[in-house]
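Student: With the hints as a guide, dock the two chains, each given alone in a separate frame, to form the complex.
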Amino acid sequence: MAIDQATVRKIASLARIAISDAEAAAMEGELNGILGWVEQLGEVDVTGVEPMTAVIPNKLRLRDDVIDADPMTGGNRRDDILANAPAPQHGFFGVPKVIE
Amino acid sequence: MTELTNLTVAEIRDGHRAGDFSAVEVAEAFNANVAGAKALNAFIVETPEHAIAAAKQADADRAAGTLKPLSGVPIGMKDLFATNGVQTTAASHMLEGFVPRYESTVSQKLWDAGCGMLGKLNLDQFAMGSSNETSHFGNVISPWKRNDGSNAALAPGGSSGGSSSAIAARLCPAATGTDTGGSIRQPAAFTGISGIKPTYGRCSRWGIVAFASSLDQAGPMARDVRDCAIMLENMAGFDPKDATSLDMPVPNWEAALSSDLKGKTVGIPKEYRLEGIDPEIDAMWDAGIAMLKDAGAAVVEISLPHTKYALPTYYIIAPAEASSNLARYDGVRYGLRDLPQGAGLQDMYAATRADGFGPEVKRRIMIGTYVLSAGFYDAYYTQAQKVRTLIARDFEAAFASCDVILAPTAPSAAFGLGEKMADPLAMYLNDVFAVPASLAGLPAMSVPAALNREGLPLGLQIIGKAFDEQGVLNAGLAIEERAGFTARAEKWW
Chain A
148 MAIDQATVRK IASLARIAIS DAEAAAMEGE LNGILGWVEQ LGEVDVTGVE PMTAVIPNKL
208 RLRDDVIDAD PMTGGNRRDD ILANAPAPQH GFFGVPKVIE
Chain B
300 MTELTNLTVA EIRDGHRAGD FSAVEVAEAF NANVAGAKAL NAFIVETPEH AIAAAKQADA
360 DRAAGTLKPL SGVPIGMKDL FATNGVQTTA ASHMLEGFVP RYESTVSQKL WDAGCGMLGK
420 LNLDQFAMGS SNETSHFGNV ISPWKRNDGS NAALAPGGSS GGSSSAIAAR LCPAATGTDT
480 GGSIRQPAAF TGISGIKPTY GRCSRWGIVA FASSLDQAGP MARDVRDCAI MLENMAGFDP
540 KDATSLDMPV PNWEAALSSD LKGKTVGIPK EYRLEGIDPE IDAMWDAGIA MLKDAGAAVV
600 EISLPHTKYA LPTYYIIAPA EASSNLARYD GVRYGLRDLP QGAGLQDMYA ATRADGFGPE
660 VKRRIMIGTY VLSAGFYDAY YTQAQKVRTL IARDFEAAFA SCDVILAPTA PSAAFGLGEK
720 MADPLAMYLN DVFAVPASLA GLPAMSVPAA LNREGLPLGL QIIGKAFDEQ GVLNAGLAIE
780 ERAGFTARAE KWW
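Quick note, the sequences are listed as chains A and B, same order.
If you count the first sequence from 1, position 61 lands on 208 in my numbering, and the numbers rise without skipping.
If you count the second sequence from 1, position 171 lands on 470 in my numbering, and the numbers rise without skipping.
Some hints could be false.
Per the computed footprint, the stretches of chain A lying under chain B, defined by three or more beta-carbons under 8 Å from a beta-carbon of chain B, are [stated by the list, open to error]:
hint: 1; stretch: 195 to 208
hint: 2; stretch: 228 to 239
Per the computed footprint, the stretches of chain A lying under chain B, defined by three or more beta-carbons under 8 Å from a beta-carbon of chain B, are [claimed, not checked]:
hint: 3; stretch: 164 to 173
hint: 4; stretch: 176 to 185
hint: 5; stretch: 213 to 221
Because the hints were derived from the structure by calculation, they are not lab data.
As the structure is a prediction and not an experimental result, all values here were calculated from the model.
Note that beta-carbon positions come from the ideal geometry of N, C-alpha and C, so glycine has one too.
Isolated chain B, as found in the complex (with noise of 0.2 Å):
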C-alpha cells in the first residue's frame, strides 16, 4: 500500500470512505511526520490530539453510515486562523500565549465538514512578508535544496510559508492559507504546490487576524487542482459575521472541474513580461501557453496598462489598512502588555506596541500611518485608492476579450534566507505578479509548472474573473495535466 502520507485530499477521503485504512492511521502517520520534521519550524504548534479525537469521529462516522465531505482528512491551519482553545499568535510575540474563545468561520467550517487539526502553521508576523523570515518564533524552511551541493537554506515563501513547507514535506496533505498580496501563491510557487485565493468575499473573514481588510482572504494550499476545489468548498460560503462576505452560493468546483479548455481564451499580459527577468520563467511561461493551447484554448495578447503602479499602490493601501486594523494591540484587552515602572497609560500602549511588533510590522505600521496623516491622506491614500480602480479596470477591459489570464507567479524561484532580509524593497518586488489580482479582488491561483536549471520548483498562475474560480481551477488542471511535475523535495530534515 502507498504510504498514506503521499496521498491526496481526495485520496484519503475517497480510500477512507472505501475503508481501504482508517482515518486515525492516517492522522498516525501525518502526527509522525509533523513530530519528526521539527528542523523546518513550520508548525508554532502541535495539535496530534485533535487529529486523533477527529479520526476517531471519522471512522466512528464511517460506520454508522454519517460520513463527512472530508472525513478522514487532517489538514494544517495557518496561524492566523483563530481556534477555540488553542494558541493563536498570528506568528507575533504580541500574540503571544493568546487562547481565542471562539473558533474562525473557515476553520469551524473545515472542522464541520470532518478535518481534523495537525497544527497551528508558522507564517511572517502579521502575515507581512514573503520569505517567513519576520516571524517570532523563527524562520520557517523550505523542504526544497538547490542542486549544486550548497545546502542553503531556501525561503518557503511568505507569508503562508509553513503551509506550502508543510505540504510539500508531506506534513499534511492540505492546510489553509491567506493571501492578501500573494500570500497563498507565491509560497506555492517556492515548493512546488498548488493554492488558490478565491474572489474577495468568497471565505468570510470572521476569526482570521485581520492585516488589510480590502485585501485578505483565505483559500487553500494543497498538492494538486482537485484537492484546492474540495478544500474550497468546505471553506467558502456566506457569512452574516463579516460585511464583505459574498451572499452567493458555494459551487460545486470538484465536480464541474475539466481540463478540455476548447472555445476559451487565455489573456497573456505583455506588461508582465519584464525587462531583465531570469529567461527561465519566460521559458516556463512560454511552456505553459503551449499547454494552455494543447488543452484547446485561444490565446490572445492583452494590456494591463497600469501594471507597474500595482506595487506602489498596495505598499499604501496594505499599509494604512494595517496601520488602522493594528491599532488594537494596546495592552488593555488582550495579547502582551509591557508596562514601565511608573508608565501611564499612553506611555503603555508605546512599550506594548514597541515590544510585541518585529521590525517590518512596525515598518508597515508607520508607513500606514505617515500615508493617512493629515496633510499626507489625498497625496498618497487617496491616490492609491484611484489608481486601484485603473488596476481593476484595466482587468475588465481585458476580460472582454478573454476568460482567463496566464502569468507567472514569482519573478524567481525560491531564495536563500538572509538573501533579501537587508533590503525591504527587493523583498516586496517579489510579488510584482500575484498583487495585481489582489488589488482586483480576482481569482487566482498557482501550480507547478517546472524544475529550473537549480532543480526549484517555479509556478504559473491562472488569474480568473470574479466568481469564475471554476474557469482559474480548470485551466490550472489543464497545465498540471501537461506539465507532469512530480518532483518532490528530498527528505533531509
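For reference, chain A alone in the conformation it holds in the complex (with noise of 0.2 Å):
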C-alpha cells in the first residue's frame, strides 16, 4: 500500500521528527520504495507459526531484592546522571515549561 505525503508527515509526527516539506517530499518516493520491497513477506504461509520473541531461548531472571546490590545501576548517582543533561537545574533535568 502506497503511503501519501499527509502519511509521512503523520509518521513523523509520531516520531516527534521535525520535517519540511521538502523532505516529506523525498522521504515519500524512499519510503514507498523501501514498504514496497518488504510488502512481499504477505506471500510467506506462515499459520500456525508463532512470532519469535527470543531468538536464543533465555529465561528471564530476577536479582535478589537488595538496594543498589550493583552500585552502578543503584541509586545515588544524581550527579553522574546528571553530567550529560543539556539543561540541568537545581539538581533536576530542565525542561522548557509545559503548563502555562
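Tutor: Laid out in C-alpha cells, this is it:
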C-alpha cells in the first residue's frame, strides 16, 4: 500500500521528528520504495507459526531484592546522571514550561 | 626485528611476555600509526595516553609477575561502546560531546584483561549503514585501492568501518565491532581481515548504544582467526546487567583451535547461489568448499528455503526496534538539545531529533514507526516476527545434517564511496548473506579468502550452530591456512 505525503508527515509527527515539505516529498518516494519491497513478506504462509520473541531461549532472571546491589545501576548517582544533561537545574532535568 | 605494528595480538602478547619488547614500545608504535593516518578518518577520538598508561601497567605487571591475558595489547574501540570519561557518539551529532560516566561491560572486560585503548573508532551513525558513509564525523576510507590505477576511494564496509579500516591499515592489531545485520562480517570481508559475531547473548550489550536489541551483538575484528578467538574470550561472559546475556561459561576457544575437520560436515546452502552474482564470488566460494574438503570435512548441499525473505524481515524488525530504542534521544537527559525560540516541549523533541539524526537514521526510525503503528502492526511487524521464526527453523533443520555452513560474506568486493548512497535498497542488498544468521542469533565469521581481479579482498563466511563458536573458528582456521591470504593494502595515506 502506497503512502502519501500526509502519511509521511503523520509518521514524522509520531516519531517526533520535524520535517520540511521538501523532506516529506523526498521521503515519500524512499519509504514507498522500501515498504513496497518488504511487502513481499505477505506471500509467506505463516499459518500456525508463532512470532519470534527471543532468538536464543533464555529465562528472564530476577535479581535478589537488595538495594544498590550493583552500585553502578543503583541509586545515589544524581551527579553522574545529570553530568550530560543539556539543561540541568537544581539537581533536576530542565525542560521548557509545559503548563501555562 | 619485525615492525611491531605488523604483529598479531597473539604475537604481541607472547613477545611481551617473553621480554622481546616492552608494552610501551608497542603502544608508541601504534600511536604513531594512528597519528599518521588521518586520511583514513578511522578514529573519532584518539586516546594515545590511555594506550600508554595501560602499556606502563603491562610492563610493571611483567616485572611483578602479574601479567594478564592481554597485557601489552593496544586495541581500537568502536565508538558504540560507552567509555568512562571518553566521548561516546555512535558517530551521531545527537551524542556529540556525550562523555559517559560509566564503562560498557565489554570494554571493561578488555581493560581488565590488560588491553589499552588507542581510540574510539568511527562507524555508520548508530551503526546504521553498510559503507560507513552515514557517520556525522565523515566517511571512513578503506586503505585498499583498486589495481586499475583509478585511485577511487573505497568503502571499508559498515557499520564497523573504522574498525576494519584501522586493522587493515595496521593502526591497531584488533578492535571491537558490533553486528546487527552484518556489521562485523561485511567490513571484515571488504578489508581482508577476520571478524566473528558470536551467538546472540555471548557478549553483554550493557553500555553499547542500542540499535536493534534482539539482533545487536558485539564481537572482535582482527587480522586472523586466532586473534579473534583470543579477543572473544576476553569480551564474552555472563553479565547480570543484560537481561539477554547468556549464563554459560566462556570456553577456552584459543586453546581448542584445530583446523582438522575430519568427521565434520559442511553445508552449502543452495539458496545463496544468487542469479547474476559476480562469478568471482561463486568461484571463491567453490575454492572455499575445496579447502574445507582438503581439511577433512564432508560437504553436503542444504536448503534454507526462506533465505529470500531474510532481508525484508530484517528491514522491518531492525527499524521497528530502532524506532523504539532511539526514542530516548529527546534533548532532555543527555545529548543534543535544539530549543527553537518560544518552543514548547513537543517542539523541542521534534527539533532536537530533526537536527541530531542523519538521513539514514531518520529513514529507519520512520519505517519502524510506521510498521509499529496502529493498523499496520500485524501486517508488517507480527508477520516479520513469524517469518523470522521460519528463518530460524530453516537453520535448525539444516544443522540436522551439517556442523557448519559455508557461504560468501558479501555479494561483491568493496564498492566506491558514493556508488550506492543514492539508493537505500541497493545498499541494503549488500547484507543479503549476512542477515539470515543475525536473525537466527547464530555465530558467524568472515575470513579473507582471495583477491578479485581488481586486487580487492573477498571474504568467506562460516555460520555455526548456536553456542558453537569453536566450530566456526575451526572452519575459519582451516580456510585461513589454505587460502594463504597475505595481501595487504599498499600505504598511500
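Student: The structure should be examined with respect to each hint, and the outcome stated for every one.
Tutor: Hint check results:
Chain B is given as covering the stretch 195 to 208 of chain A, and this holds because 11 residues of the stretch bring a CB closer than 8 Å to a CB of that chain, at least three being needed. For a cut-off of 8 Å, the count of residues in the stretch 228 to 239 of chain A with a CB near a CB of chain B stands at 6, and the three-residue condition holds. Check on the stretch 164 to 173 of chain A: 3 of its residues sit with their Cβ under 8 Å from a Cβ of chain B, so the three-residue criterion for coverage holds. Requiring three or more residues with a Cβ within less than 8 Å of a Cβ of chain B, the coverage given for the stretch 176 to 185 of chain A holds, as 7 such residues are present.
Remark: the stretch 213 to 221 of chain A is confirmed as covered by chain B, as 3 of its residues place a Cβ nearer than 8 Å to a Cβ of that chain, reaching the required three.
When each numbered hint is compared with the structure, no violation occurs for any of them.
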